[in-house]
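Chemist: Turn these sequences into a full structure, and let the hints guide you.
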Amino acid sequence: MKDIDKQYFREMLVRYREGTASTEEIRLLESFYDLFDENEDLVTSDEDEMFNEFRQRVKQQVDVRIDQNLAQPKPFIYRRLLVRLSAAAALLLLIGSGIWFFHKPTDQSALDLQAKNRIAPGSNRAILQLANGSRIDLSSANKGVIAQQAGVAIHKNAQGILVYTINAGNTTNNSGNPTGENSIITPRGGQYQVILPDGTQVLLNAASSLTYPVVFSGGERLVKLSGEAYFEVAKDKAHPFKVSSGTQTVTVLGTHFNINAYSDETSTKTTLLEGSVEVTSGNNETRIIPGQQALLASDGQLSKKTVDPDKEVAWKNGLFSFDGDDVKTIMRQIARWYNVDISYSGALPDEKFYGEITRSSKLADVLRIMEINNVHFDIDGRHLTVTYVPGK
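Going letter by letter, the sequence shown gives residues 1 to 392 in the UniProt record's numbering.
Keep in mind that the hints are not guaranteed to be accurate.
Here are the simulated SDA-like cross-link-like pairs (lysine to any residue), alpha carbons at most 20 Å apart as the crow flies [said to hold, decoys possible]:
no.	residue 1	residue 2
1	305	278
2	235	137
3	352	324
4	316	167
5	143	157
6	156	195
7	242	311
8	237	249
9	143	167
10	316	165
11	156	137
12	235	263
13	311	299
14	311	324
15	305	318
16	316	159
17	242	255
18	362	389
19	224	235
20	316	298
21	305	267
22	311	352
Just so you know, the hints here were simulated from the structure itself, not pulled from any lab data. Keep in mind it's a predicted model, so treat the numbers as computed, not measured.
Modeler: Written out as structure tokens, the structure reads:
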């Protein structure tokens with residue numbers, strides 16, 4: 001570690017004592033104290049000594065875990081420690097079986113921190129398109145009823161959630177007659193939650209859209225998804241809930257699941273957290289149980305595997321979660337959430353990233369975390385260039 005690391009550590013301590021430290025810096029410093037036993041004395045006025053002790057404690061914690069798991073083909077993920085140390089100042093990342101500490105760039109770094117700090121994380125933003133084609137900006141719409149359609153009141157509640165409520169005296173239309181469709185569309189850098197007329201709750205991720213009838217009609221509840229969304233489906237055995245995304249259809253009765261159907265991903269992923277769903281594409285179909293994920297490849301092949309559901313829905317809980325992800329996979333998430341364009345210069349390293357970062361972090365903090373020994377970022381407006389710098 002270079003002297004700049006110690007200096008940055010000192011600066012954080014000063015901000016912590018003055019009450020001006022950021023949330024991420026507070027998490028980092030408090031995680032330092034958690035590495036000690038309760039009966040150990042931490043009283044010291046020597047910041048260098050504290051910094052060196054901090055670095056040694058973290059390294060010991062992770063070295064023990066790695067030594068215990070060297071025989072495993074997949075590097076061990078010390079998830080709890082990674083979560084606790086996900087502060088922008090010093091996230092610990094495991095790459096392969098190595099340990100890397102990020103260090104704060106100097107003022108002469110080509111990474112323009114002022115430009116990065118202007119790019120805030122995503123927020124609750126979306127456009128509602130009504131059946132008549134009119135569009136409502138939900139981020140600026142006032143709380144309360146914003147539209148009435150087919151006997152349904154559409155309102156934005158106190159939490160900013162879009163809610164469809166069937167008016168008194170009206171019932172769900174099961175006649176099969178169409179009532180018109182609405183669409184909720186999130187831009188890059190936006191997400192939004194909607195409660196459909198049947199009570200189903202949907203959280204849309206960035207750069208996504210959901211199209212649905214104002215009132216569900218006929219024998220099924222069909223919605224169309226582009227991008228990614230998390231569903232908590234209201235139970236109604238008589239009217240199966242179906243999600244169409246591209247060539248895939250997911251059929252459920254009442255369950256919690258996530259669909260990632262971004263067009264720039266290599267496959268459409270359906271992850272089940274609760275209940276049971278059936279995934280079909282053409283003549284292929286598969287049924288998954290909680291903890292499983294169905295994958296629809298671009299060639300139409302349908303398969304399933306066991307996954308960590310918490311990772312797959314980390315985005316809805318305000319986290320980026322990396323578990324063996326490469327740079328390009330991570331950058332696609334960054335592009336959607338921070339509304340930036342990504343390009344690459346030269347070959348990229350084959351390292352895998354592990355850990356979690358809060359989605360409320362500024363782009364500056366996320367890039368600091370990732371700018372380890374051989375990955376470098378340049379930013380110009382909203383264009384981010386990723387470069388591999390050997391021996392950096």
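Chemist: For each hint, tell me whether it holds in the structure or not.
Modeler: Tested hints:
| no. | hint | result |
| --- | --- | --- |
| 1 | 305 to 278 | holds, 14 Å |
| 2 | 235 to 137 | violated, 30 Å |
| 3 | 352 to 324 | holds, 5 Å |
| 4 | 316 to 167 | violated, 30 Å |
| 5 | 143 to 157 | holds, 6 Å |
| 6 | 156 to 195 | holds, 10 Å |
| 7 | 242 to 311 | violated, 24 Å |
| 8 | 237 to 249 | holds, 18 Å |
| 9 | 143 to 167 | holds, 18 Å |
| 10 | 316 to 165 | violated, 24 Å |
| 11 | 156 to 137 | holds, 11 Å |
| 12 | 235 to 263 | violated, 30 Å |
| 13 | 311 to 299 | violated, 26 Å |
| 14 | 311 to 324 | holds, 11 Å |
| 15 | 305 to 318 | violated, 25 Å |
| 16 | 316 to 159 | holds, 16 Å |
| 17 | 242 to 255 | holds, 11 Å |
| 18 | 362 to 389 | violated, 24 Å |
| 19 | 224 to 235 | holds, 19 Å |
| 20 | 316 to 298 | violated, 26 Å |
| 21 | 305 to 267 | holds, 13 Å |
| 22 | 311 to 352 | holds, 15 Å |
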